[in-house]
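Once you have looked at the hints, place chain F on chain Y.
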Amino acid sequence: MEALAYSTSVPLYLVLVPMLTGIVLYFVPVERMVTRKAAVLCSALFSLGGVIWLLPLVLVGEVGCDLIELMQFNLNFRVDLFGWIFALLITLIWVLATIFSFSYMEHEHHLCRYYSFFIFTLGAILGVIFAGDLFSLFIFFEIMTFSSFVLVIHKQNQEALKAGSLYLYMAIIGGLSLLFAILLFFGSAGHLNMVPVLEELGNQRTAIFVLFMIGFGIKAGIVPLHIWLPLAHPVAPSPASALLSGIMIKAGAYGVLRVSLILFQPAGAGNEVEWVYVFNSGNILMWIGIVTMLAGAIMALLQSNTKRILAYSSISQMGYIVTGIGVAMLMGADGAMGFSGSLYHIANHAIFKAGLFIMIGVVYMYTHELDLSRLGGMARKMPLVAITFAIAALGIAGIPGFNGFASKTLVHDALLYAYQHHEVYGIFVAERFFVVTSALTICYFLKLFKGVFLGPVPEDLDQEYRIAPSVNFVIVIFALLVIGIGISPNLLLDVFILPAAHLYDFAASSIEYLHGFQFFAWQPLEAVLVVVLLALFIYLPAVSRGWFEWQPPAWLSIQKLVFEPLPRAVLSFFFREVSINDMALGQFYEHSSSSNEQSLIYLDNPGQEAEPSLDEAGQSAYYFTGKGLERERRLKEQFRSSIFWWDQDQWNIKNLNFDNLLLAFVLGVILFIVFSYGN
Amino acid sequence: MDEATAIAVILFVILFPIVMTPVIMSAGGRSDKLRNALTLGTSTVTFILTISLYPVVMNGEIIQLTLFEILPDLEISLRLDILSFNLAAIASFIWLLCTIYSLDYMAEEHGGSRYYPVLVFTLGSCLGIFLAGDFFTLFVFFELMSLISYILVVHEETEQALKAGYKYLVMTIIGGLALFLGIIITFELGGTVSLGVGTIIDEVTFLSFLAFICFIIGFGMKAGMFPLHVWLPDAHPVAPSPASALLSGVMLKTGAYGLFRVIFHAFSVEVMQANNWDIVLGVLAVITIMLGSAVALTQNDIKRRLAYSSVGQMGYVLLGLSILNENAITGAMFHIFCHAIMKSCLFLAAGAIIWKTGKRLISDMGGVGREMPYTLGCFSVAALAMIGIPPLNGFLSKWTLGLGALDANITVYAIVLLISSLLNALYYLPIIVPAFFEIIGEDKGANAHAHGHGHALNFNVQDVAPRMLAPMVILAISTLLFGLSPINVQFELSQITSWFFLEGGIF
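Residue numbers (my numbering), protein chains in the order written: chain Y, 17 to 695; chain F, 36 to 542.
These are computed hints drawn from the structure, not numbers from a lab. C-beta: ideal position from N, C-alpha, C; glycine also. Misleading hints may appear alongside valid ones.
Sample of chain Y residues facing chain F (criterion: CB under 7 Å; computed from the structure) [to be verified]:
#, residue
1, L192
2, F196
3, V594
When the alpha-carbon atoms are kept at most 30 Å apart in a straight line, the in silico DSS-like pairs for lysine-lysine are as follows [stated by the list, open to error]:
#, chain 1, residue 1, chain 2, residue 2
4, F, K198, F, K394
5, Y, K178, F, K68
6, F, K394, Y, K178
7, F, K68, F, K391
8, F, K202, F, K394
9, Y, K466, Y, K397
Same shape as in the complex, but just chain F:
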C-alpha cells in the first residue's frame, strides 16, 4: 500500500462513519432492518480498512499530513504511527463487536433510531482522536466524541441516567477547558502543536508545568484518574450495556492515548524524569488503582462494580506511563489492549445477564450460571484474566508492568500491582463462584445426595441470542489467544510501540 492510498484510507475511516450518520438516521425512520444493516456495514468496513493499515505501520512509515491551516501554524492534520494504529485497530474491533451485540440487545429498547447514528458518529470521532496529527485536531475530535457520547449515557432517560449524564457533561466541559488551556500554553511556548516535530517543550518553566497539569486534568479526567474519576462510576453503568462496553473499553483509552502523546510529543522522557513529573503521575496512578479496586468491592450493582474496576485498571496504564522504561511502556500499551478486550467482554456479559434475567444486583446472581452457562463462561474467563491468572492476557500485562517496576527499582509499584490483583480476585470471584455453584431455593445444609442431575450445567438451555453471544465468545477467546499464543500480535505491537517511543525508531 503506497502512501497516497494510506492517506485515503485514513481519511476514509474517519469521515465514512461521520458521513454515514445522517444516512443511518434517515434510514431509521423507514426501516429498522435497513438501519441495522447500514450500521453493521459501516463498522465492518471501518474495521477492515483500519486493519488494512497494518503493513504500512509495520514498514515503519510515519504518515504526517496537513490537510489545511485554520490559522497560521494551527492546522488540521492527520498522523499515522504505531500508537495511532494500535488504538484505532482495537477501537474499531470492539466497535464492530458491540454493534453486532446491539442488534439484538436494542431490538426491544426504545430510541434505536437515535442510538445507532450516535454509535457510528462516536466511532468516527474516536478514530479521529487516534489519527489526529496535532493536539488541536485531537482536541476537536475529543470534544466531539465527549459531547456526542452524552447521548449514549442518557439513553435510558431515567432520572438516574439524566443525573449521571449531567455530571458527565459538567466534568467533560471542565476537562475540555483544561485541555484547551494546555494546548494554548503549548502553542505559546513551542510555536506549534503538531505531533510531527518531536519534543515541543523542552524548557521547564512554571508555564510548562501548568501545561502539564492541564493536560493531566484534561486527559486524566477522561481516563478516570483520581480525583477526577467521579463521573465514571455513575455514567458507565446507566448507559445501555453495549454502550457501557464502549465507554469503558474504548473511550476511556482516549485519555490514556492523550497522555502518551503529551509525554512523548509535547514533552519528553527526559523532561518528565528530570523534573519528577513522572512521580506525580505515579502517585496519582497508585491512588487510582487502590481506590478503584477497593471501592469496587463495596458495590452491589454489577455494572457499577465493573465501572469501578475500570478506574483501577486504567490506573495500571497510568502506572506504566509513569515508570517510563521499555517493559513498563510495553505493559501499559498491552494493558490498553487487554483491558479493552476484558472489560468489554465483562460489560457485554453483564448486559446479557440483565437483559435475560433482569438481575442487576450481585447478591441475586447465585445460580445464574446454570441458566446462562455460555454467558457466565465468557464472564468468568474475562474476570480471571482481570485477576491475572495465567495463561490469560491480563497476566501478561501485569507481568510486564511488574518487570518494568522492578527494572526501575520501584518495588512499591510491583506490590501495588499484586495487592490490586488480590482485590480483583476479591470482587470478581464472589460473582463467578456463586453463579455456578450456589444452590438457590433449597435447604443449603441438606445432604448432598439429595441434589440430582437437576443442577448440572445444561448446555441445551436457552442462553441469550447468538448475535449477543458471538461477540462475548470472540472476546473471551481473544483473552486466551492474546495471552497464550506464540505469535502474539498485540504484544509485539506493544513492544514495537515502546521501542518507537524510547529509542526513536521501530526497528
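Next up, chain Y with everything else stripped away, as it sits in the complex:
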C-alpha cells in the first residue's frame, strides 16, 4: 500500500459519530423530540465540518488511518481527493435533507426509528467512501444496505413492504456477488488494496469484472438490474428518497469507478493484449450506460407518478455516469475527459436530483398528492417551489447556465473524442443515442413541470399553503448550487475534479487539455441547440396525441421477461427435486420396515401435505414442490398467450390512426437525420 501523506483518524470519527448517534438516539425516549433533532443535525454538521477540515490535508495527498485488526483484517480508511468530493456531496446534502426532514416528518409516525436510521446510514455510506480496501468497503456496503432498508419501508404499508423486500433481496444478491468477486480477487491478487492489478488477475478477470459490475450495478440501478429502484425510491419519505436517489446510488457509481478505472488497469505500461481487454470492457460498459440512459428516459416519459418519474430519471442519469466511465476506460490513458465528465455528473446529479425530490416532497407535504393527473397549477400556490423546481429541471436538462450543462458537455465531448480517436462506428451511434436521450430528458421534465405547476388548480387543492421558512431555505440552497455551478463551470472542474484525475493513470496532456475548458464556445452550445430542437419535435406532437399516456403491456417489463420467469424456472426445478427427495427419503426410512410400496406411491404423488398459510417465500417454494406443477403449466400458457401482444387490448396496431403514423414517420426521419448528421 502506498505511503500516506498524512495519518489522521478523522475519517474514523466521521464514520463512527453518525453511527453511534443513531444507535444512542434509538434508546432516547420518544418524547424528547427536540433533543433528537438537535443531535441528528449536530451529527450531520459535524460530518460536514470534518470533511471540510480534511480538505487541506487531502490536497496534499492521500490521508487515512489503519485500525487495529478487526474481523481478522485491517480495517483501513483512506481519503484521497476523489473520495473527498463524494464525501463533501454526501455530507452537504445530508445536512440539507436533515433540515427538510424536520418539517416533512412532523406528522409522520415512527420518528424515533426514522431519525436513528437516517443518521446511522450517513456513517455507513461515509464508510463506503472512506474504505481503504475492498474488505472494509464491502462491510460498510452491507451495513448501508440494511440500514437504508428501514428508510425504504418507513410507511409500512403493503406497497412499501413489497418494494422493500425486492430492494432487500436484490441488494443481498448484489452483496453476495460482490463478496464472491472480492474472494476471487483475493485469491488471484493476494491482497485487497485498490491498486491497478489487471495483470495479476489472470483468466478469472472477466468473471471478477462481471461480478463487481453486478454487485455495484444493482446499487447503481443500471439496466437490467434496476428493477428495485423505481419501486423503492418513491415509497420512501421524500427526504429519504432524496438521499436514496441523490446519494446512495452514487455508492454504486463510486464502486464502478474504482473497479473499472483503478483495479482493471494494467499496473505497469501494459502490453497490447491488456489494452485491448481494457478497451473491450470499457466499450461494453459504455453500451450498458447507453442502454440504461435510454431505457430510463423512455420509462420516465411513460409514468404518471411524480416520484416515479424522478426515480426513472435517476436511472437514466446513472446511464450518463456509467457511459462516461465506460468511455474513460476504453480511452485508457487519454480517458481524463470521460472520467471528469462522469465525476462532474455525479456531483451535479446529487445536487439537482436531491433537490427535485425535496421539491416534489414539499408539494406532497401540503397536497398529499403524487399523481400528475390530480395535480396542477401549483406555480400559483407555491411560486418559490415552482421557480426552484424549474431551475433544478433546467439543470438536469443540461441548459447552459445551469450545472448539468457542464457535465453533459464533458461526457458528450468525451464520446466525440473517443470516436475521432478510435474510429469505431459504435461510439458514433452511442453519441447519437446520447443526444436523443438528452432530448427525452427535456421532454419528461416538460411533462412533469406542466403536470405539477401549470394548468388549473384542482378544486380540492385550492387553498393557501404556508411553506415553512426552513423548507424555503433548503430548496433555495439547492437552486443556488445549481445556478452557481452552472455559471462558473470551470471552477469546480479546475479546483477539484482535475486534481482528482491526477490520482489516476491518465496522461498529463489529456488532463491539461481540460484546464480552462471552453464551455461557452459555439460547439457545446450548438449541441444543446440540437437537443432542444429535437426535444420540441418530440414533445409537441407527442403531447397533442397523448403518446406519453401509453402504458407498455405488462409482459414487456424486464421484470416479467427476466426476473420473474427465470428464478421461477430455476427455483421450481430446484425446490421440486430437493423437497420431493427429502420427503421421499423421510418416508422411505419410515416405511422401509413395513413395505416400500408406500414410499413409492409417495414418490409418485408428492406434496400432498401442503400447508396453506406459508409466508411468501415459503409459499412459492412450497408450490414448486408438488402442486406447482400444474400451476406452472398454467402460468406458462398464460405467458405464451401474452407473447402474441397484438391480441392484447393495451396496445393495438389497429388503434394507430393515419395521423399518428404520419407523425411517427416524420419523427423517424428527423431521428434518422440526427443519426446520420456529421458522419
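Quick look at chain F alone, frame taken from chain Y:
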C-alpha cells in the same frame, strides 16, 4: 496449572455432572428450588472448570492419559488437545446459558424432575465425548449421550414427539452400530484405537474404506448429513426449546467432532486426498447444504425451519473438512463455534416466542416483534449472522471457508456457499421483516398517516422473563463480539486448531 491438576479437572468435568444426576433427581422430589439451584450450580462449575483448562491448551500441551484397560490394548482413556478444548468450552458455555433459560421456561412445564437430571447427565456425557482419549471411550460416551437425549426429545410426550423420538432412536442405533463396526475394523487394522498415536491406518484396502464409510455413517448421522438427516427435522423441533437449542447447537457438533478425529487420527490428510475420499465427503456436504437450505424454505413451523437450517449449516462444517487446507479447517472449526452460538440463540428466541404468544407458524408471526422487541432483536441479530452479514461472526466463517475453497481451486464450493447464503436470506428475512414491520389487523392499504405512534417499538412492553432474555442477549452479543472484536479468541483457537492438525504443532 500442572499436568496432575489438569487431569483432575478433566476427570472432574466429566464425572461431576454424571455424579450430580442422582443428587438432582432426589432433590427434585423435595423442592423445585433446590433442584434448580443444583442444576445451575453444576453447569456453572463445569463451565468454569472447562474454561480454566485454557492455559494448559495454549501452552501446547497434549494430555493423553490411560485410566484402565478393559481388554489388552482396549482402554478407557482421556485426551485434552486444542480441538477437545474448543468443543468442550463451547458446549459447556451453551449448556450454562440453556440451563439459565430453562429455569423460567420449564417452570410451567411438566416433568421438571426428569428434565433437569437428564440435562446434566447429557452435559457430562457430551464432555466425555470431547475429552475421550480413544475411539472406544468416545463411542461409549457417544452412545450414552445419544440414548439419554432421547428423553429430552420425547419430553412433551405427545404422539408427534413419541413418533419423532422413535425415529431418532432407530437412527441412533443404526449409527451406533456403524460406528462400532468402524472401530472394530480400525482396531483390527491398526492394533489400537487410541488418538495418541497419530495415523492409525495408513494402508488403503477395502477394509479401511469400509471403516471410513462406517465412520461417515455413524458420525454423519449425528451431524445431520444427507441422506441420514431425516431424524433431525423431526426430533429437534418437538423437544422443549432449550433442549432443541442444545440438540442443534451442541449435540450435532459431536458428529462433526468425530469426523475431525476420524480424518486426522484414524486416517490422515494424505490418505484422504490420495484416495479421493475428500471428494466423497465434499459431494455429501454440498448436497447437505443445498438440501437443508432449500427444504427450510418450505417449512412453516419456525422450529422445523430452524432444524432444516441446522442441516444446511452442518454441511458447511463438512465442506470445510472435505477441503482440508488451512483456511478451510479454520473455517470449519470457526463455523462450529458460530453455529453453536447462532443456532442456540435462534432456538431460544423461537422458544420464547412460542412460550409467550403460543405462535408456532411463521405466517402468524407478523407484528410479533412489537410485542417482544428484545427477543426478536436477538433473533434478528442471530439470523443476520446466519445469512453472513458483516460484521457478525457468520460472515467471518463463510469468508474463511470461501477462501479455503478458492485456495484449493474448487470454485464450485465457494459458489455453493454463496447460493446457500442467499437461500438463508430467503428463509430468515420473511420471519424478521414482517415481525417488525407488518401491520396486523388494519386495512393494510390505508393511508400511512392513519398509523400513529401505536405501532412504534415500545421497549417498556412486557417481554419474556429476564432469566430467559439474558441468555439470548448474551448469545446475540457474542455473535457480534466474535465477528468484530480484534482479539477474537474463537477465531484464534480455530486457527491454532488448523495449524495443529495440518502442521503437527501449535506454534
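Evaluated hints:
1. Evaluation of the L192 (chain Y) hint against chain F yields a held restraint, the C-beta minimum of about 5 Å falling below 7 Å.
2. Among the interface hints, the one on F196 (chain Y) holds; its C-beta lies about 5 Å from the nearest C-beta in chain F, closer than the 7 Å criterion.
3. The closest approach between the C-beta of V594 (chain Y) and any C-beta of chain F is roughly 4 Å, which is under the 7 Å cut-off, so the hint is satisfied.
4. A distance of roughly 22 Å separates the Cα atoms of K198 (chain F) and K394 (chain F); the hinted pair therefore holds under the 30 Å criterion.
5. The hinted pair formed by K178 (chain Y) and K68 (chain F) fails the criterion: a straight-line CA distance of about 50 Å is larger than 30 Å.
6. A hinted pair counts as satisfied when its Cα atoms are at most 30 Å apart, and K394 (chain F) with K178 (chain Y) qualifies at roughly 24 Å.
7. With a CA separation close to 23 Å, the supplied pair K68 (chain F) and K391 (chain F) stays within the 30 Å bound.
8. Between K202 (chain F) and K394 (chain F), the direct Cα distance comes to roughly 26 Å. Compliance with the 30 Å bound is thereby established for this hinted pair.
9. Our distance criterion of 30 Å between C-alpha atoms is met by K466 (chain Y) and K397 (chain Y), whose separation comes to about 14 Å.
Of the numbered hints stated above, the single one contradicted by the structure is hint 5.
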